[in-house]
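K.L.:
With chain A fixed as given, assemble chain B onto it according to the hints.
If you read the protein sequences in the order shown, they are chains A and B. The first sequence lines up with residues 1 to 215 when you count with my numbering. The second sequence lines up with residues 216 to 430 when you count with my numbering.
Keep in mind the hints are simulated off the structure, nothing from the lab. Predicted model, so just to flag it, every value in this text is computed and none were measured. All C-beta atoms in this analysis are idealised placements derived from N, C-alpha and C, irrespective of residue type, glycine included. Check the hints yourself; a few may be wrong.
Covered stretches of chain A (in silico footprint by chain B; criterion: 3 or more residues with CB under 8 Å from a CB of chain B, positions within the stretch not fixed) [what the hints assert, rightly or not]:
| hint | stretch |
| --- | --- |
| 1 | 72–80 |
| 2 | 85–92 |
| 3 | 102–113 |
| 4 | 145–157 |
Number of protein chains: 2
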Amino acid sequence: MKLYSYFRSSASYRVRIALNYKNLPYDYCAVHLLKEGGQQKQADYVALNPNAVVPTLVDDGHVLTQSLAICEYLEETHPEPPLLPAHAADRAYVRAIAQTIACEMQPLQNLRVTQYLKNVLHLDDETRNAWTRHWVQNGLVILERMVLESGRAGRFCCGDTPTLADVFLVPQLVSAARFECSTDPTPTLARIAEHCNNLPAFARAAPAQQPDAEP
Amino acid sequence: MKLYSYFRSSASYRVRIALNYKNLPYDYCAVHLLKEGGQQKQADYVALNPNAVVPTLVDDGHVLTQSLAICEYLEETHPEPPLLPAHAADRAYVRAIAQTIACEMQPLQNLRVTQYLKNVLHLDDETRNAWTRHWVQNGLVILERMVLESGRAGRFCCGDTPTLADVFLVPQLVSAARFECSTDPTPTLARIAEHCNNLPAFARAAPAQQPDAEP
Numbered sequence: 001m002k003l004y005s006y007f008r009s010s011a012s013y014r015v016r017i018a019l020n021y022k023n024l025p026y027d028y029c030a031v032h033l034l035k036e037g038g039q040q041k042q043a044d045y046v047a048l049n050p051n052a053v054v055p056t057l058v059d060d061g062h063v064l065t066q067s068l069a070i071c072e073y074l075e076e077t078h079p080e081p082p083l084l085p086a087h088a089a090d091r092a093y094v095r096a097i098a099q100t101i102a103c104e105m106q107p108l109q110n111l112r113v114t115q116y117l118k119n120v121l122h123l124d125d126e127t128r129n130a131w132t133r134h135w136v137q138n139g140l141v142i143l144e145r146m147v148l149e150s151g152r153a154g155r156f157c158c159g160d161t162p163t164l165a166d167v168f169l170v171p172q173l174v175s176a177a178r179f180e181c182s183t184d185p186t187p188t189l190a191r192i193a194e195h196c197n198n199l200p201a202f203a204r205a206a207p208a209q210q211p212d213a214e215p
Numbered sequence: 216m217k218l219y220s221y222f223r224s225s226a227s228y229r230v231r232i233a234l235n236y237k238n239l240p241y242d243y244c245a246v247h248l249l250k251e252g253g254q255q256k257q258a259d260y261v262a263l264n265p266n267a268v269v270p271t272l273v274d275d276g277h278v279l280t281q282s283l284a285i286c287e288y289l290e291e292t293h294p295e296p297p298l299l300p301a302h303a304a305d306r307a308y309v310r311a312i313a314q315t316i317a318c319e320m321q322p323l324q325n326l327r328v329t330q331y332l333k334n335v336l337h338l339d340d341e342t343r344n345a346w347t348r349h350w351v352q353n354g355l356v357i358l359e360r361m362v363l364e365s366g367r368a369g370r371f372c373c374g375d376t377p378t379l380a381d382v383f384l385v386p387q388l389v390s391a392a393r394f395e396c397s398t399d400p401t402p403t404l405a406r407i408a409e410h411c412n413n414l415p416a417f418a419r420a421a422p423a424q425q426p427d428a429e430p
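Bound conformation, chain A alone (with noise of 0.2 Å):
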């Protein structure tokens, strides 16, 4: 398999974790997102992914975009280890918790965001900053709550082994102390956290362990 993948994108970060854990070997091509104008927007990306965004993910002539629709076809072509719960409301609960952080809370942070907002809109650092740090901000309050309240969490989000919950949100968590968001409210989050992050397949999909990983 060959994975498109910038360093610091969560989206990548999230198949990185996915691939590791099942133990998929992959082929690094990294797509450097500021460089060159944005290397994801030359056309033979844009021939892979219309999209212009990272990941991409190759594997035998299919072309898989979107990091949840990657990860799902991962789960159904590789399913042991298992990164989705057995029953159908758990797996519903799991889903929910990757798609707060992939449709409430990344979303609004991204690159092309936030670019829209200083390019096109004019904003200050200031005003740029408070944007992104309000939705990754309240985003973990909800999901802090989400978790407690599911009844569900053990040492990962669901029970006592990861689940793509975790896959989400770990790289959410990295995004939001890079900007500088509290963790003081979301301490389950961060005890859920620090067990992922001990486990190899997490800690080696870290954005600083990436081959086009800058200081």
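P.N.:
The following block gives chain B in isolation, referenced to the frame of chain A:
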């Protein structure tokens, strides 16, 4: 089952289509997103859905949130008629279409974002409308390209039976029309939507057909 919905919410609309398509009866519980400062923010609703968004589906005591997680749950618990194709790569394509809508388009047009643009950033109507149209119009062009380049489109996004790609596409096109986006660059999507809207499952889920519809 009980569905908490708002007639104009595209995420609610997706779940209404999926329920209808699978012939699953449900009670409609209207949550007005504007009245009383937003009924979705009232404590009894937030206890069900900490995100304070619609939809929420309650099935046999299970409280389910996030439209795609709900659709996946319905697919798992009521597999016939299916809304995902049989093969993993086709399923990944269908989910990528759904997630391009759910993660790249809808989050930037939704109520709480446009309220932030208005109430916090104090942007005028024209600037807010340009924001919404920008993300939705761009997204439609990308979807058109994804569908065409996949080589999978038939009467619907993936072959000749509806899938979750269509379930997500139709509500997004209704929103796009409301935001006065042009359908000129997306003839394939328009053609697919016409096929969808000829099906009772889609037609009955339309905003104007809901008990809480307003002119």
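K.L.:
Against this structure, judge whether each hint is valid.
P.N.:
Here is what the structure says about each hint:
1. 72–80: The restraint on the stretch 72–80 of chain A holds, since 4 of its residues have a Cβ under 8 Å from chain B and three suffice.
2. 85–92: Three-residue rule met by the stretch 85–92 of chain A, so holds; n is 4.
3. 102–113: holds (count 7)
4. 145–157: holds (count 3)
The structure fails none of the hints (numbered hints given earlier).
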